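**Q** Going down the list, the protein sequences come from chains A and B. All letters in the first sequence, in the order written, are residues 1 to 364 by the numbering used here. All letters in the second sequence, in the order written, are residues 1 to 364 by the numbering used here.
To be clear, the hints were calculated from the coordinates, so they are not data collected in a lab. Check each hint, because a few of them may be wrong.
Same chains, same label: a pair holds when it works inside one copy or across any pair of copies.
The list that follows gives simulated cross-link-like pairs (lysine to any residue, SDA-like), each with its CA atoms no further than 20 Å apart [claimed, not checked]:
{"hint": "1", "residue 1": "LYS329", "residue 2": "GLU8"}
{"hint": "2", "residue 1": "LYS329", "residue 2": "PRO39"}
{"hint": "3", "residue 1": "LYS329", "residue 2": "ASP65"}
{"hint": "4", "residue 1": "LYS329", "residue 2": "ALA160"}
{"hint": "5", "residue 1": "LYS329", "residue 2": "ARG99"}
{"hint": "6", "residue 1": "LYS329", "residue 2": "ASP100"}
{"hint": "7", "residue 1": "LYS329", "residue 2": "GLY125"}
{"hint": "8", "residue 1": "LYS221", "residue 2": "ARG87"}
{"hint": "9", "residue 1": "LYS221", "residue 2": "LEU182"}
{"hint": "10", "residue 1": "LYS329", "residue 2": "GLY31"}
{"hint": "11", "residue 1": "LYS329", "residue 2": "LEU89"}
{"hint": "12", "residue 1": "LYS329", "residue 2": "ARG96"}
{"hint": "13", "residue 1": "LYS329", "residue 2": "ARG67"}
{"hint": "14", "residue 1": "LYS221", "residue 2": "THR261"}
{"hint": "15", "residue 1": "LYS329", "residue 2": "VAL165"}
{"hint": "16", "residue 1": "LYS221", "residue 2": "VAL346"}
{"hint": "17", "residue 1": "LYS329", "residue 2": "ARG41"}
{"hint": "18", "residue 1": "LYS329", "residue 2": "ILE68"}
Computed from a predicted model, the values in this text were never measured in an experiment.
Take a look at the letters that make up each chain.
There are 2 protein chains.
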Amino acid sequence: MAPAAVVETLTVELDERSYPILIGGGLLQDGAVLGRNVPGRDLLVVTNTTVAPLYSRALAQGLPDRRIVEAVLPDGESHKTLATVSRLLDVLVANRFGRDATIIALGGGVVGDMAGFAGACYQRGVAYVQIPTTLLAQVDSSVGGKTGVNHPGGKNLIGAFHQPVAVIADTATLATLPDRELRAGLAEVVKYGLIRDAAFFAWLEENMDRLLAREPSALAKAIRRSCEIKAEIVGRDEREHGERALLNLGHTFGHAIESATGYAGWLHGEAVGAGIAMAAAMSRACGTLQPEQVARVRALLERAGLPTAASDVRAAAALEHMRMDKKVKAGRIRLVLLRGIGDAFVTGDYADDALRTTVAAHCA
Amino acid sequence: MAPAAVVETLTVELDERSYPILIGGGLLQDGAVLGRNVPGRDLLVVTNTTVAPLYSRALAQGLPDRRIVEAVLPDGESHKTLATVSRLLDVLVANRFGRDATIIALGGGVVGDMAGFAGACYQRGVAYVQIPTTLLAQVDSSVGGKTGVNHPGGKNLIGAFHQPVAVIADTATLATLPDRELRAGLAEVVKYGLIRDAAFFAWLEENMDRLLAREPSALAKAIRRSCEIKAEIVGRDEREHGERALLNLGHTFGHAIESATGYAGWLHGEAVGAGIAMAAAMSRACGTLQPEQVARVRALLERAGLPTAASDVRAAAALEHMRMDKKVKAGRIRLVLLRGIGDAFVTGDYADDALRTTVAAHCA
Chain A
1 MAPAAVVETL TVELDERSYP ILIGGGLLQD GAVLGRNVPG RDLLVVTNTT VAPLYSRALA
61 QGLPDRRIVE AVLPDGESHK TLATVSRLLD VLVANRFGRD ATIIALGGGV VGDMAGFAGA
121 CYQRGVAYVQ IPTTLLAQVD SSVGGKTGVN HPGGKNLIGA FHQPVAVIAD TATLATLPDR
181 ELRAGLAEVV KYGLIRDAAF FAWLEENMDR LLAREPSALA KAIRRSCEIK AEIVGRDERE
241 HGERALLNLG HTFGHAIESA TGYAGWLHGE AVGAGIAMAA AMSRACGTLQ PEQVARVRAL
301 LERAGLPTAA SDVRAAAALE HMRMDKKVKA GRIRLVLLRG IGDAFVTGDY ADDALRTTVA
361 AHCA
Chain B
1 MAPAAVVETL TVELDERSYP ILIGGGLLQD GAVLGRNVPG RDLLVVTNTT VAPLYSRALA
61 QGLPDRRIVE AVLPDGESHK TLATVSRLLD VLVANRFGRD ATIIALGGGV VGDMAGFAGA
121 CYQRGVAYVQ IPTTLLAQVD SSVGGKTGVN HPGGKNLIGA FHQPVAVIAD TATLATLPDR
181 ELRAGLAEVV KYGLIRDAAF FAWLEENMDR LLAREPSALA KAIRRSCEIK AEIVGRDERE
241 HGERALLNLG HTFGHAIESA TGYAGWLHGE AVGAGIAMAA AMSRACGTLQ PEQVARVRAL
301 LERAGLPTAA SDVRAAAALE HMRMDKKVKA GRIRLVLLRG IGDAFVTGDY ADDALRTTVA
361 AHCA
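Working from the sequences, and respecting the hints, build out all of it.
**A** In structure tokens form, the structure reads like this:
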């Protein structure tokens with residue numbers, strides 16, 4: 001067994017559904033951490049063709065004396081469908097897994113969303129553990145219990161709220177992450193600063209080069225602060241009746257880009273990056289954000305190597321897909337806008353013209 | 001609008017998810033009741049080819065000023081699959097229904113289970129209303145929030161807990177119910193007496209002929225008492241961590257019959273009837289039930305016209321399917337047995353020989 005890693009622990013406080021987020025280098029190889037945080041004897045490890053060769057052996061070695069079945073999915077958002085989850089359910093049934101089985105999501109956000117949704121539906125709910133291996137999953141998608149799949153008509157339209165029993169974020173996995181995936185994850189990190197924490201945003205402005213150079217201490221700080229903000233908000237509003245909607249900053253625009261391009265070509269985080277730029281521009285159009293603040297947002301996204309527009313998406317298509325977003329209420333698209341750096345709000349009160357103009361300025 | 005019906009109201013107490021069960025003759029035509037209890041403007045009415053011609057027009061007339069889309073499914077348990085629910089989700093997306101849409105289940109247990117599961121998964125959860133039109137659905141499946149579909153490997157293996165916002169049981173619909181469906185519903189009614197209420201069981205012994213003759217006052221009493229017992233138990237143990245498992249009396253055996261016969265040939269309530277007979281016999285084999293009590297159980301099931309054995313199922317197949325039941329814990333099948341009329345308990349502590357012998361005596 002590898003030597004024990006330095007572990008930071010946060011908690012998502014949800015009464016009897018509370019769970020720990022463990023953050024540290026080498027956790028995937030730490031049998032003691034795995035043993036304590038993965039319940040059950042029968043385990044289904046859901047992973048993909050990219051991640052499996054890198055980490056699935058280490059994970060299995062850290063969980064001796066368990067019955068482990070592995071489901072290796074094709075990589076990519078375009079496979080995040082009900083048909084793929086149906087295959088996972090078939091594997092669970094074929095192996096006669098019971099209600100006391102545990103599903104482990106080993107991979108990025110796509111793997112986590114599908115493994116979690118399978119966990120939500122199998123036998124009306126079994127335990128699952130998130131072991132995120134991308135920056136995006138470590139700072140965002142593995143925390144908070146949103147699970148689900150895409151529908152050709154819209155992003156994440158099918159799914160469930162189902163909290164994991166633990167999130168184990170091994171920061172050492174970021175060493176093997178492609179640059180493009182690292183940048184995609186940084187879009188969500190920038191989001192946390194923007195919605196809630198101006199000081200964190202300023203820290204990102206100062207430390208973006210260290211993050212892109214993958215300095216472990218900088219990455220650890222970004223992950224911890226992101227998870228702290230997410231855990232706080234989810235703890236107060238698990239099912240997104242209010243405050244949690246702030247976490248969708250950039251996502252209504254971003255989901256439209258992903259849907260309009262068939263979940264291919266754009267990484268989720270890249271679409272969120274462009275979506276944040278559009279949300280900032282829309283905030284400016286609505287008079288809530290100053291031009292120099294918009295410039296800071298765009299500059300940070302650009303330094304992170306993220307797109308700030310979607311030149312391969314027609315504006316009309318983007319608007320059409322936005323209308324299918326889950327945040328539509330009584331026919332009106334609800335937007336997350338900015339009053340300042342670190343101060344986001346949700347509103348349905350804006351001029352339709354401003355929205356059309358903003359989308360047109362960022363699309364083809 | 002038809003004159004207001006006499007309505008009895010029970011409540012399933014689940015804090016912010018509490019909801020009413022309305023029981024009465026003619027509720028389906030009562031615009032005031034429908035208007036008060038069906039939220040939302042956009043409604044998806046899920047029904048089947050048998051029920052739609054009888055009631056869907058009346059329902060639509062009782063809900064003017066709504067946007068109603070109807071999904072008419074093929075009738076029968078063999079269609080209760082993930083593929084059918086996927087079609088319902090397609091209809092919701094195609095009609096651009098948002099999170100504020102409501103799904104209405106108009107039909108029996110199969111329709112209710114699938115409409116509820118679609119409601120659980122669409123946009124991570126939308127409201128649904130149960131309008132049960134069979135006795136079985138009125139006394140059992142429409143109450144309590146269990147939703148889901150069958151898998152070739154087992155009954156209800158895929159699903160979610162998702163409570164309706166209202167249950168509207170129009171007892172007048174029982175007038176059009178085929179005799180065989182009426183009897184199937186009575187199996188669940190008998191179950192409530194057996195698990196919890198000896199006096200109700202005795203009342204059923206005295207009034208079975210009135211029930212079979214569809215005397216409205218007798219049916220109303222049977223439905224009300226059944227719903228009361230179910231509402232109490234669900235209110236105390238929504239997610240079946242304990243007491244709620246008692247409601248599965250006869251169901252582990254029954255589900256095995258349904259699975260082994262491919263969800264065709266047997267109605268769910270018929271399989272539960274045979275399952276109750278087997279549970280009583282198993283209780284006798286375990287020494288907890290007296291022979292004369294077993295005889296009372298069998299006699300009441302027979303008077304209700306229900307099967308008390310499954311001569312078209314091989315014993316080995318039944319046992320095999322029981323092992324995939326959701327109530328299996330750590331590899332052991334948990335059974336609901338009887339200590340007496342009105343006194344059920346859950347146990348994994350029994351002789352395997354007794355189980356094999358009991359199943360063999362009731363199967364081919």
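**Q** Against this structure, judge whether each hint is valid.
**A** How the hints compare with the structure:
Taking identical chains as interchangeable, the C-alpha atoms of LYS329 and GLU8 are never at most 20 Å apart, the minima being 39 Å within one chain and 34 Å between chains. For the identical chains of this complex, LYS329 and PRO39 are inter-copy neighbours only, at 14 Å across copies versus 39 Å inside a copy, given an alpha-carbon limit of 20 Å. Taking identical chains as interchangeable, the C-alpha atoms of LYS329 and ASP65 lie at most 20 Å apart only when they sit on different chains, with a minimum of 18 Å there against 49 Å within one chain. When the C-alpha separation of LYS329 and ALA160 is checked against a cutoff of 20 Å, the pair qualifies only within one copy, where the shortest distance is 19 Å, while the shortest distance between copies is 25 Å.
In the homo-oligomer, the alpha carbons of LYS329 and ARG99 lie at most 20 Å apart only across protomers (7 Å), although the nearest pairing inside one protomer, at 36 Å, exceeds that limit. Taking identical chains as interchangeable, the C-alpha atoms of LYS329 and ASP100 lie at most 20 Å apart only when they sit on different chains, with a minimum of 7 Å there against 38 Å within one chain. Only between protomers do LYS329 and GLY125 lie at most 20 Å apart by alpha-carbon distance; the minimum there is 14 Å, versus 29 Å within a single protomer. With identical chains, the CA atoms of LYS221 and ARG87 are never at most 20 Å apart, being 37 Å at best within one copy and 45 Å at best between copies.
Within a single copy, LYS221 and LEU182 get their C-alpha atoms as close as 15 Å, which meets the 20 Å cut-off; across copies the closest is 64 Å, which misses it. When the C-alpha separation of LYS329 and GLY31 is checked against a cutoff of 20 Å, the pair qualifies neither within a copy, at 47 Å, nor between copies, at 26 Å. Proximity of LYS329 and LEU89 under a CA criterion of 20 Å is satisfied inter-copy only: 19 Å between copies versus 32 Å inside one chain copy. In this assembly of identical chains, the alpha carbons of LYS329 and ARG96 lie at most 20 Å apart only when taken from different copies (12 Å versus 42 Å within one copy).
For a Cα distance limit of 20 Å, the shortest separation of LYS329 from ARG67 across copies, 15 Å, qualifies, whereas the shortest one inside one copy, 45 Å, does not. For the identical chains of this complex, LYS221 and THR261 are neighbours neither inside a copy (33 Å) nor across copies (57 Å), given an alpha-carbon limit of 20 Å. Proximity of LYS329 and VAL165 under a CA criterion of 20 Å is satisfied inter-copy only: 19 Å between copies versus 32 Å inside one chain copy. With identical chains, the CA atoms of LYS221 and VAL346 are never at most 20 Å apart, being 28 Å at best within one copy and 50 Å at best between copies.
Taking the closest pair of Cα atoms, LYS329 and ARG41 come within 20 Å of each other only across two copies (11 Å); inside a single copy the shortest separation is 43 Å, beyond that limit. Taking identical chains as interchangeable, the C-alpha atoms of LYS329 and ILE68 lie at most 20 Å apart only when they sit on different chains, with a minimum of 18 Å there against 43 Å within one chain.
Violated hints for the displayed structure, listed by number in ascending order: 1, 8, 10, 14, 16.
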